[in-house]
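A.B. asks: With chain B fixed as given, assemble chain X onto it according to the hints.
2 protein chains.
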Amino acid sequence: MDWPGRERMNRLLAVARGEEPADLVLVNGRVADLFGRRLMETEVAVSQGRIVGFGDYRARKRINLQGGILAPSFIDGHIHIESTLLTPPELARVIVPWGTGGLAADPHEIANVAGVEGISYMLEAAKGLPLDILFLAPPCVPACPLETSGAVLEAAQLEPLARNPRIAGLAEVMNFPGTAAGDPGLLDKIELFRDKVIDGHAPLLSGKQLNAYILTGPGSDHECSTLEEGREKLSKGQWIMVRQGSTCRNMEALAPLITTATSRRMMLVTDDSHPDDLLERGHLNYNLARAVGLGVAPLTALQMATLNPAEYFRLEGRGAVAPGYRANLVVLEDLENFRPLMVFHAGELAAREGEYLSGGDGAPPAPPEGLTRTMNAAPFGLEDLAIPARSGKCRVIGLNPGEVLTDQLLMKPTVKEGRVAADPGRDLAKLVVIERHKASGNLGLGLIRGFGLKCGAIASSVAHDAHNLIGAGVFDPDLLLALKRIEEMGGGLAVAVDGDIKAELELPLAGLMSLAGGREVAAGLKRLHRAARDLGCPSDPFMALSFLALAVIPSLKLTDRGLVDVTRMELVKLFKV
Amino acid sequence: MDWPGRERMNRLLAVARGEEPADLVLVNGRVADLFGRRLMETEVAVSQGRIVGFGDYRARKRINLQGGILAPSFIDGHIHIESTLLTPPELARVIVPWGTGGLAADPHEIANVAGVEGISYMLEAAKGLPLDILFLAPPCVPACPLETSGAVLEAAQLEPLARNPRIAGLAEVMNFPGTAAGDPGLLDKIELFRDKVIDGHAPLLSGKQLNAYILTGPGSDHECSTLEEGREKLSKGQWIMVRQGSTCRNMEALAPLITTATSRRMMLVTDDSHPDDLLERGHLNYNLARAVGLGVAPLTALQMATLNPAEYFRLEGRGAVAPGYRANLVVLEDLENFRPLMVFHAGELAAREGEYLSGGDGAPPAPPEGLTRTMNAAPFGLEDLAIPARSGKCRVIGLNPGEVLTDQLLMKPTVKEGRVAADPGRDLAKLVVIERHKASGNLGLGLIRGFGLKCGAIASSVAHDAHNLIGAGVFDPDLLLALKRIEEMGGGLAVAVDGDIKAELELPLAGLMSLAGGREVAAGLKRLHRAARDLGCPSDPFMALSFLALAVIPSLKLTDRGLVDVTRMELVKLFKV
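Sequences listed follow chains B and X, in order.
Under the numbering used here, the first sequence has 461 at position 133, and the numbering climbs by one with no breaks.
Under the numbering used here, the second sequence has 768 at position 440, and the numbering climbs by one with no breaks.
Keep in mind that the hints are not guaranteed to be accurate.
Which copy? The list can't say, so a pair holds if one copy fits it or any two copies do.
[Said to hold, decoys possible] Cut-off 20 Å, straight-line C-alpha distance, at most; resulting in silico cross-link-like pairs (DMTMM-like, lysine to aspartate or glutamate): (1) K901 - D712; (2) K389 - E371; (3) K524 - D330; (4) K721 - E898; (5) K782 - D804.
Rather than coming from a laboratory, the hints here were simulated on the basis of the structure.
Just so it is clear, the structure is predicted and the values come from calculations on it, not from any experiment.
Pulled out of the complex, with its shape left as it was, chain B reads as follows (with noise of 0.2 Å):
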């Protein structure tokens, strides 16, 4: 149990009993009972940021809930901070007044960057907020072999953040032909966490090679793109993440999975999230609303949200509304569109109406120099941008809107001046990723069908999840110019066209996060998406872009060595002989 100390408890059980007045009882509120399933008429009485009781208590303040819905706030069971480009104070700014007051994060970004210099600063960052953050320890740094990234975790590295009680486990094993296939470094990982949480990430992985991995120790899987994938994981004990983040959205797919009666070991994440869509639409309240429009019972899908990733992470007193349970709740206008009207945390008013009320002055720590000057790429030029053509047909990778997996598709490239041009006529683009960290040198060079590009350049140092310099464009000329333009600000996200910068975003930490708050880089993501939609891509091309590099997620990505067929887990040429 959640144990708060003996002169604590006593002090809860005088409170308790009613023989001394509570901290605070809220009245007129539904409350939401996740485990009799139901919305119950009471008041709820608070002592020392713990639910003491239901029932008429005495207190020190009361609050009215205008008939709100009580529900305990919301844990976001798989999200990684670095993808929201917003340091843990400035995302607490943000998502608290959507109602989420615990997330699981996964450090991985900062990490490849970084190694263990990133995650601490991440753990030293969550310090202090209205926010419960747990983090796990990412065992797949880099994700794959054929990548370079900043830092390299073994089992050494990881051995230290095992005893680390504010590490909840391992984070998503990734790698996972090496895991089924018995890799001795990832089992040496997995076992350093075997009395944790330890998670999954699997995406299309099924039938025997399915077995071996589950049988190494992942628990959860959030990859499920399918509703059969679903439904086999969940079937062999697999808690199922339903993701639906920036770019993957897999709701619609896995909702008919998700009934009351298969609900329970199944939870609302978000993986990757941008802070426009954050700031706009919401974080947790926008996938629940999504999920009830879906077809999910309310009452199914708040526990989702809650009670499972808190039984999940073994997180005990959280993810409920009952006698001795933390006071970290929300008042929901209703159980449709989860608009939140109040946000408690630890007892205490976290938000109201949409107004982040923390006392703090909530600026993230200064990080060390060692996170803001990670800009390390050998030099570059046009003409390392160029593709020789050759004969045959080009492995090309084909995006899928609203998914990280992409297709391996062969096409015959245009060529001109004896070299593979990008052809906007064709949606064809040039994709080119440059290692950061150690100069070097490497850079690979790829095709991509379905980016929308029709002219200029956009760029990124946010590239998982090594993270190296990335970018995609028509003209030669102004991808270079978006590249070194990264290069210059110390990392972040830029468009270019005709020889301009058209806007830009700066990302000093790590290359990956912003120091500002989330409306100013919500503003500069806008304008980015402006400029990149006057190019002719979609909405967000920066997280699309952002998952290219990627080569744990099937089936053909660019790294900085290279194009990976990912699923034989091996480079391969541009040009199929």
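C.D. replies: Here is chain X on its own, set in the frame of chain B:
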């Protein structure tokens, strides 16, 4: 996770991938998928006692399940093994063929007689069986301060148990008034087990006192006897153990609370069962059939006897059929009668068609002498059973069939020769409890109504929880005879009438358990029941008798120190002036 060690893991992986043959493949069964809530037609491969996967696998041995349903074997979340009158090996012989694979046992009966030595014997006797027995450390020995037990367990005695990995947590915290009041000794014990499971026991507790009780930690309750009681405790976050044993039968009252939406924190348990019931109707298979008969969905019922207790007791890799889970399995004829066709424990066939197939001879380990010489009452005679008459009404214990809750009645006694007399015409019998551990000479006398005795007496050394000598009779010389016979036997049960012992059963182990097998003990018990029925008693009067000294269940009980008003937790006189 349930980590098997590296070498075993590598071998399991080779089997899961299909590279090595499995030890066993179960074919032609329908797998009860308790996560996806369906029956799956798939083969199941087992290796090293674990399920390695679903699918088409090679194996050294194949067993045809003939269309039976493959489910996890059952786990009883709350049982007192001592109440079965059998040692753990003999109990396994009875209940494993019924499909039981796990128990969470509270050894507080033997602990009241023999303290930690008694618990240690139970731990020893539970080893090597095809039945996983978890033990919990009893916090309330004695159950209440108003009785005399053979041993007292303070926090100092429990501390080594809290560190023992075979002890899953703290057993039922029965002193609920003391707990809600913040009794320091009780909180000391709870704090020792704060990282483990803590079981509750709070019959009829509600409102603010229940809030306070729950705050201290008890996470379950098996005492709910009404729908409203179950609903309140469930909504306040307790796991509800729906009890159906030989005497306490709460299932019918609680069945309306059990729905697919509410059942995740509910379990089926037996608490106290006699061996004849276990042999004749079964164990949890009976409770499952009963639940389904009362309208509970079959897979919901099955979860309540498998997955739910596994989750509550934090048993990783137990309670479901999935890769990595222990192959503790039962093959059921159907999901209506739940008749077990085969039972597997750690992948080995442990029973088939009711026949127990365990390799060992199953004999219990020889108990140390301290556990077989536990009858130590001060001398007592006929005169000690006399109750001098006074004016006014008597407090009478009113029995309720099928419940352990008693009523407190006020009745004018029948008086003969200046003494209060039993009166079969009014269904009034005399009740006596004699301290039998320390020869203190304590002797409590009272009256019960509703026991049915027309003549003679019955007596027992099983009397929850202090297990003093208890007897009920309508003729003092027969009552004395029965009590004396139990003393001579070193513990047991007896029926006496007309100056003769009509039936008896020896319980030499702590005065609680036989060292004989289940069939022999059940036969002896049947003889006793028949003899008692000849005296007018309803079925299983010994179980009913054994609860009449349990002063933690309302309302009126009798201990060696006298009548106890349980609600006020104080001694009261027989005559109310």
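A.B. asks: One pair to classify: K782 and D804, alpha carbons no more than 20 Å apart. Within, between, both, or neither?
C.D. replies: within (13 Å within a copy, 105 Å between copies)
A.B. asks: Is it within, between, both or neither when you check K901 against D712 at 20 Å Cα-Cα?
C.D. replies: For K901 and D712, only the intra-copy Cα distance (17 Å) is at most 20 Å; the inter-copy one is 100 Å.
A.B. asks: Is it within, between, both, or neither for K524 and D330, if the alpha carbons may be no more than 20 Å apart?
C.D. replies: For K524 and D330, both the intra-copy (17 Å) and inter-copy (11 Å) Cα distances are at most 20 Å.
A.B. asks: If the cut is 20 Å between Cα atoms, do K389 and E371 qualify within a copy, between copies, both or neither?
C.D. replies: For K389 and E371, only the intra-copy Cα distance (13 Å) is at most 20 Å; the inter-copy one is 61 Å.
A.B. asks: Given identical chains, is K721 near E898, meaning Cα to Cα at most 20 Å, within a copy, between copies, both, or neither?
C.D. replies: Classified as within; 19 Å inside a copy, 91 Å across copies.
No hint from the list above goes unmet by this structure.
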